[in-house]
Amino acid sequence: MNPLSHESTPNAVVQTRARRAAAALALACAGLLCGCASVAPWERGHLARPQMTPEPHPAQRAVLDHAYGSREATSAGAAAKGAGCGCY
Amino acid sequence: MAATERGHLRPLARAVRSALASRLAHIARRTAPATTQSAPRRDSPAALAALTLAALALPGVCSAFETRDALFQYSRYEEDGRSFWPGPDDSVDAKEPLRVDSERVAMGLALTGRLSLDANYVQDTWSGATPLTTAPQGLMNIVTGASTYYPDNTVTAFVDQALVPYGYDPNALVPRPGIVHMMTSASAETRRQLDLTLGYEWDRASIEIGGGASDEPDFQSRFVNLDGTMDFNDKRTTLNAGGSYTHSAISAHLGLGTIPPARAFTDYGLYLDSPAATRIVSIEHDSIPELFFRGSRDEWSAHLGLTQVLDRKSTLSLGVGYSRSRGSLENPYKLVVMGFAAPPPANPGAPPPLPVLTGLTLPQRLAATRAYTLALAAYNRALAEYNRFATTGMLLTTVFNLPESRPDRRGQWTLNADYSRYFSTPNAALNVQYRWSADDWGIDAHALELQWRQGIGRGWVVTPRVRYYTQTHADFYRAYYMFLEQAPVTLDAFGIPHLDFARIGPRHYSSDQRLSAYGAASAGISISRRFARGVSLEAGIERYIHAGSLAPGGGEGGFADFNYWSFDVGLRIEPGSRAGDDTGAFAAHAGHGGHDRHGSHPGALVPAGVDGAHMMPAGTMMAGYRFGWTAQSGPVLRGTAEPGDFDIAVRGCTPANSGCITAPVDMTMSMHMLELMYAPTDRVNLMVMLHAMDMDMNMRPLNGIGIDPASPPHTHHDTGGVGDTTVAALVKLFETTHHEMHLGLGISIPTGAVDLEMSHAGAHSHGGDLLMDYGMQLGSGTWDVLPSATYNGRAGRLWWGAQIEAARRTGGPNESGYTLGDRFGASAWAGWSPADWISGSVRGVYTAEGAPAGLVNDLDLLTAMGPGPQDLPQNYGGRAWDVGFGLSLALPGRRHSGDRIGVEWLQPVSQHVRGYQLRRDGSLSVNLQMTF
Chain A
1 MNPLSHESTP NAVVQTRARR AAAALALACA GLLCGCASVA PWERGHLARP
51 QMTPEPHPAQ RAVLDHAYGS REATSAGAAA KGAGCGCY
Chain B
89 MAATERGHLR PLARAVRSAL ASRLAHIARR TAPATTQSAP RRDSPAALAA
139 LTLAALALPG VCSAFETRDA LFQYSRYEED GRSFWPGPDD SVDAKEPLRV
189 DSERVAMGLA LTGRLSLDAN YVQDTWSGAT PLTTAPQGLM NIVTGASTYY
239 PDNTVTAFVD QALVPYGYDP NALVPRPGIV HMMTSASAET RRQLDLTLGY
289 EWDRASIEIG GGASDEPDFQ SRFVNLDGTM DFNDKRTTLN AGGSYTHSAI
339 SAHLGLGTIP PARAFTDYGL YLDSPAATRI VSIEHDSIPE LFFRGSRDEW
389 SAHLGLTQVL DRKSTLSLGV GYSRSRGSLE NPYKLVVMGF AAPPPANPGA
439 PPPLPVLTGL TLPQRLAATR AYTLALAAYN RALAEYNRFA TTGMLLTTVF
489 NLPESRPDRR GQWTLNADYS RYFSTPNAAL NVQYRWSADD WGIDAHALEL
539 QWRQGIGRGW VVTPRVRYYT QTHADFYRAY YMFLEQAPVT LDAFGIPHLD
589 FARIGPRHYS SDQRLSAYGA ASAGISISRR FARGVSLEAG IERYIHAGSL
639 APGGGEGGFA DFNYWSFDVG LRIEPGSRAG DDTGAFAAHA GHGGHDRHGS
689 HPGALVPAGV DGAHMMPAGT MMAGYRFGWT AQSGPVLRGT AEPGDFDIAV
739 RGCTPANSGC ITAPVDMTMS MHMLELMYAP TDRVNLMVML HAMDMDMNMR
789 PLNGIGIDPA SPPHTHHDTG GVGDTTVAAL VKLFETTHHE MHLGLGISIP
839 TGAVDLEMSH AGAHSHGGDL LMDYGMQLGS GTWDVLPSAT YNGRAGRLWW
889 GAQIEAARRT GGPNESGYTL GDRFGASAWA GWSPADWISG SVRGVYTAEG
939 APAGLVNDLD LLTAMGPGPQ DLPQNYGGRA WDVGFGLSLA LPGRRHSGDR
989 IGVEWLQPVS QHVRGYQLRR DGSLSVNLQM TF
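Chains as they are written, first to last, in this note's numbering: chain A, 1 to 88; chain B, 89 to 1020.
Since the hints were derived computationally from the structure, they do not count as laboratory data.
Careful, some of the hints might be misleading.
For each label pair, taking beta carbons as the anchor points, the in silico distance ranges come out as [as the list claims (entries may be wrong)]: (1) B:L282 to A:R20: 19 to 27 Å; (2) A:R20 to B:E473: 28 to 36 Å; (3) A:R19 to B:L518: 51 to 59 Å; (4) B:L284 to A:R20: 48 to 56 Å; (5) A:R20 to B:D843: 50 to 58 Å; (6) B:R595 to A:R20: 47 to 55 Å; (7) A:R19 to B:S339: 47 to 55 Å; (8) A:R19 to B:F655: 35 to 43 Å; (9) A:R20 to B:T480: 51 to 59 Å; (10) B:R202 to A:R19: 51 to 59 Å; (11) B:R595 to A:R19: 24 to 32 Å.
Covered stretches of chain A (in silico footprint by chain B; criterion: 3 or more residues with CB under 8 Å from a CB of chain B, positions within the stretch not fixed) [to be verified]: (12) 44-50; (13) 62-73.
All C-beta atoms in this analysis are idealised placements derived from N, C-alpha and C, irrespective of residue type, glycine included.
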């Protein structure tokens, strides 16, 4: 008997799950847009702090992401822009 | 990558900045009461006002055409050793764990107020041992000590009826199911990547278009990307979207054709009839067939995201992405072990009956006797096999090593969420990131990361972080494959079994542990400090633990576990930004007093290839990056003449009895240097220089030399990694309006390796570990004293100078038993600056270098290997005259600071080499420096 008979997961399963997740995400986004408090520009000083930037150590992030990308099956993901083979 | 980072940073920063700009007048009236009510005492109104202004100073609000920022970074990735199977004769000694050294230089230019250009260069050099395949010990440790890397590529092993592999210990069969790695170690390889990004900003939107290339010996990528953002909802909401396309070409060197011990692990020649055969091609190189895996892959990705300001202290981002890959998605170096256990033999029953010969003619009798003999032999074989099975219970198993096979398509969905909240009291932010992805190979992955970004005043941000990642395995992943069936083989004319790929059950198979089920936990800390001069220092360290047991419900076995350390340090300079720390000490730095005169004093301009030739005024710091590239493409010289192959063979490699077997064809050497310079006083400047080297050399067998096809010589070497480190001091003797002179004294610290060995697959056949030649090692291995004296002159638009410098090796021999020769150099130059942003120079250079003392390899080993001239010390050193042509451009907006990028080409005019050496084509130097 071939021990690999369950070899391929149908593409459709992944797509269905992804569609559901995307729908949930779209709903969450819509919720976000409606449900947020109004924050006036002069009330956004805290948001400009270095701790609140999306990534306070961007150069280091690139190093970590490159290591993850060469060692994990999915981390290169959608953001990959030619990080090389990482075949080692 | 710089562009990517900025792409992440930009939407929110721009939203905040733009909103603040539109309300600047309002802020002046409102800030004080607003913050007094809402923020704790330590956040003074001035602090928030400062942040307001800091926000306004973020990238993008630059005046036209100036240097926005520059980044210099070094990082290292280093794995702990893995458990592995050393092979039957310890030829695969994985003593060096995998490590990667990376250097990166990035620069951003504001072309206009809204248009920007970012350039990013990064190179990684990796070396050490990496897993090649995995199998249970029972399949590797066979009776006679043969292993899966057996010349005919198949071995016969024993497994029981539950398919558990057995091995001898030493005479009795015992279960050996424990899975082990087989490792391979290769000489260093270097990857280089250059990418450019052009960005344009409107008031409420931005767009970036970028592209680049990544090159390594076996993998070339070209990529483009397009990203855009749009603000709406009074800039509380930012939508971002983008896409990218990457095309990669793979050309992996698998080994020297079908000649054993060609590639010591598997004979790819046997797989020329596999589905992957079209990707395995044989190329003749100097009449030696070499096998390559050739393929290409295309990858598209798209993403859509939304960032929302939730309230005054928190933001949330959500995103979705899809990527699609097509083509050769295999890792060309990974092998898969497949065992085919023959089903239990049936009892052959009674022996064949004796033939009845009466009444037959003589020929009929002979035929009947022959038929009986054959039937009896077959019966006896079957009976022996049956008896063996009956007494041992073991199934006879044929084991193959195969190159892995993956589907040629892959689609992957990714969802991500990122939440940040600021806490006033500890002045910190909590950041939570989660990502889920799923692909049609069956891999589901989750990643969760928590960061605590603590501001501790004076511009410090300390960020401890933890991350957990887990994934399920790909549908076609197995650590090894075992089937209960007769091996699907056909025998060729020589009786060598070939796998019939059409009869193998799975179409796709891989034992790459990246596709296995596992979990990974990592923890790290990042520290950054922002100084008043627009300079930031960053450093970080991370520990990463990969283990099958960290996956929920368990994953791959402990054999696949590994850990690594990652470390990085970086310096970022933003000349346009003089923002202070995050507590509000907004230092409107008026420019350093020394900067203005720095650009015009004697010595401010020197050709790009000259080291330590300029001094800076007190209080100035400088970060520099220098790239040096030297090419030698021959022919081989003896003194100044061109010897024939016979001359090289007979006289080039004395005292090795073998004479020379090979000669070098070409060699390139690249040097990357990060330089930090500080002027505590006008009279004394201090410097630290870190080097990274990579070298690449091709060789050819000499004409008329008989090459043993069973042991062909190496025809290619490459190495790379961290080089030596120099610390130096420059001391001024005098300076007038037109003349300046200083002395330099440097010490070269031997941080570069001098014990790099040839790859094991090749060294295996020579019976010992062979070191690479002198020129391929990364450092000198000795503490070198580097004295110099420099004179600079300047009058109006003309400038000139001269320098003598030397390298004196001390404390030799080094750990590999040799000392490089001393070096002396002298040069004189003259330059002209038609405008204050551009200048050109001409330089004459004389260099003389001695030969190394001591052999890099034992003479017997050299003789056994069959050396080339580069392996013997008498073929190093010599003297040469070069002429250099230089061009130097001031960095945009930085012409008064002396910040420039310079290029110089050194053209050899006369070369007199010692012994037999390749002729040098020339050297290129590129030098980028920024003061702060």
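I want to verify a distance hint. Is the separation of the beta carbons of R20 of chain A and T480 of chain B within 51 to 59 Å? Holds: the Cβ-Cβ distance is about 54 Å, inside 51 to 59 Å.
Taking 50 to 58 Å as the hint, is the beta-carbon distance of R20 of chain A and D843 of chain B inside that range? Distance hint for R20 of chain A, D843 of chain B holds at roughly 56 Å.
Starting from the hint 51 to 59 Å, judge whether the C-beta atoms of R19 of chain A and L518 of chain B obey it. Violated - the Cβ-Cβ distance for R19 of chain A and L518 of chain B, about 32 Å, lies outside 51 to 59 Å.
Go ahead and decide if the range 19 to 27 Å is satisfied by the Cβ distance of L282 of chain B to R20 of chain A. About 41 Å separates the Cβ atoms of L282 of chain B and R20 of chain A, which means 19 to 27 Å is violated.
Does the Cβ-Cβ separation between L284 of chain B and R20 of chain A fall within 48 to 56 Å? Violated: the Cβ-Cβ distance is about 39 Å, outside 48 to 56 Å.
Do the Cβ positions of R20 of chain A and E473 of chain B conform to the proposed distance bound of 28 to 36 Å? 56 Å, violated
Confirm or reject the claim that R19 of chain A and F655 of chain B have a C-beta distance inside 35 to 43 Å. 42 Å, holds
Examine the region 44-50 of chain A for residues whose CB is less than 8 Å from any CB of chain B, and state whether their number is three or more. That given contact holds, which follows from 7 residues of the region 44-50 of chain A lying within Cβ reach (below 8 Å) of chain B.
Determine whether the Cβ-Cβ distance between R595 of chain B and R19 of chain A falls within the hinted range of 24 to 32 Å. Roughly 28 Å apart at Cβ, these two residues keep to the hinted range, so it holds.
Do the Cβ positions of R595 of chain B and R20 of chain A conform to the proposed distance bound of 47 to 55 Å? The hint (47 to 55 Å, Cβ to Cβ) is violated, given that R595 of chain B and R20 of chain A are roughly 30 Å apart.
Range hint 51 to 59 Å: satisfied by the CB atoms of R202 of chain B and R19 of chain A? With a Cβ separation near 38 Å, R202 of chain B and R19 of chain A fall outside 51 to 59 Å, so the hint is violated.
Are there three or more residues in the region 62-73 of chain A whose C-beta lies closer than 8 Å to some C-beta of chain B? Our answer is that it holds, as 9 residues pass the Cβ test (under 8 Å) against chain B, meeting three.
Checked against the numbered hints above, the structure breaks hints 1, 2, 3, 4, 6, 7 and 10 and satisfies the rest.
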